[in-house]
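Numbering (the working numbering), first residue to last: -5 to 388.
Derived from the structure by calculation, the hints contain no laboratory data. Warning: the hint list may mix true and false statements.
Computed Cβ-Cβ distance ranges for the label pairs, DEER-style [claimed, not checked]:
#1 Asn376 <-> Pro270: 17 to 23 angstroms
#2 Pro178 <-> Ala73: 25 to 31 angstroms
#3 Leu164 <-> Gln373: 32 to 38 angstroms
#4 Asp211 <-> Ala73: 50 to 56 angstroms
#5 Ser59 <-> Pro282: 19 to 25 angstroms
#6 Pro221 <-> Gln108: 32 to 38 angstroms
#7 Val388 <-> Ser59: 40 to 46 angstroms
Backbone N, C-alpha and C fix where the C-beta goes; we use that ideal spot for every residue, glycine too.
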Amino acid sequence: MSVQHIVPPEVASNIVQHAAGDRQTIFLLTRISRSFQEAAEKALYEQVEVYPHPRYYPLIRTLSSCSRVTGYVRFFTMARTNIPIPSDFWEAIRKIVVRLRDLDRFIFEDQTMQNGWVLAPPQGQAADDNKSWTLSAEEARISVPWDENVTAFLNTQDRLRSLQVLAGALENVPMASLWTGALPLLTHFEGPLMVADQLLQCGVSLTHFKVILESEDDISLLPLVVPSLNRLPKLRSLAITHLPPEMACSTVSAICRNCPNLQYLGYLPLPMEHRPRMSVMKMLGRLPRLAYVEFDVRHWTPPVAGLFQRPFAVELLMVARSLRSVFFWNVVDRGCWTWHPESVPTLTNTEQEVQGGHAASGNTNTNFVGVEGWRHQFQPTNYTFCTFTWRSIV
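Turn these sequences into a full structure, and let the hints guide you.
See below:
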């Protein structure tokens, strides 16, 4: 009689975890025995990236034909590429997307901006049928034109917490709308202002909000969108990219009225003139929890860099005492100034006070705001406004 040795599942999982990072070893474990197959396949297919290259075709065929294996995927990436992509490749990606289930991250980018249909509900099922999708993600990045395919997909995402949209609607195409009550768990959003306006209309409850001004239409729409931010009482992080300098004062004023709980405010163009700049500083002082501010100083002539940035950080600290860090964006770098009050000695003043006809002396401690206590960090960057500070606020 032959004796079969069965490896307990927990032992198989520990062995697979020990081999993490060595995909060749994990692949071999899938073929040793059925005891290792499930644990090894889960590790092998947990993170999947697909490209239109012959090297990836076996993986694509497996994922598009085997729902069991596709169910192991937790991170799926279809990244943009400049390689010409045949139509049968998109058909295969479509089959994979339909089979995906519970994901931690879903990234779908199309350089041609012509294949949003891959995200559409399966053929033969209504676009408003939530059961038409098994794919459910917690984080998504989508780079296809905003249309009915994208909104039909997002209407099914009741687990989505973070959404990054890299493209707006095409010209002369009506703006597709989301359902009222769609994306009930969404807290983080980054994308064009037109798309952001659609999210606000459907009633999302955002805490972190990054708006990208892509066109003149976006700039003209901004004064209408900012007042609607009062619908987001939990909003604590707001970033607006490419804001024209002439709109700085009016935009900051509207933000301070409608977003009183902000802890982070990003990419504001800092006025060069003294009076408009001090006006912006005073308005920022109305935000009692403001701790992080990022200024855009790319329009300054001459450029303000290095130690010349510190006086402006001091100006802001004088009115915003909860301030921790100030960032200054130049064309190719980002200067970070962090306030460390513990490194500044408290100065003691001796004051003479007269009480009840008797002279008395007393000591009072005063925290002076000066150039001391600031630490500077220089951060070269080739990608303007591409940071994650706005996302990290808790």
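Outcome of the hint check:
1. Asn376 <-> Pro270: 17 to 23 angstroms: violated, 30 angstroms
2. Pro178 <-> Ala73: 25 to 31 angstroms: holds, 29 angstroms
3. Leu164 <-> Gln373: 32 to 38 angstroms: At roughly 36 angstroms between Cβ atoms, Gln373 and Leu164 fall inside 32 to 38 angstroms, so the hint holds.
4. Asp211 <-> Ala73: 50 to 56 angstroms: About 29 angstroms separates the Cβ atoms of Asp211 and Ala73, which means 50 to 56 angstroms is violated.
5. Ser59 <-> Pro282: 19 to 25 angstroms: At 58 angstroms between Cβs, range violated.
6. Pro221 <-> Gln108: 32 to 38 angstroms: holds, 36 angstroms
7. Val388 <-> Ser59: 40 to 46 angstroms: holds, 43 angstroms
Violated hints, in rising order: 1, 4 and 5; the structure is consistent with all others.
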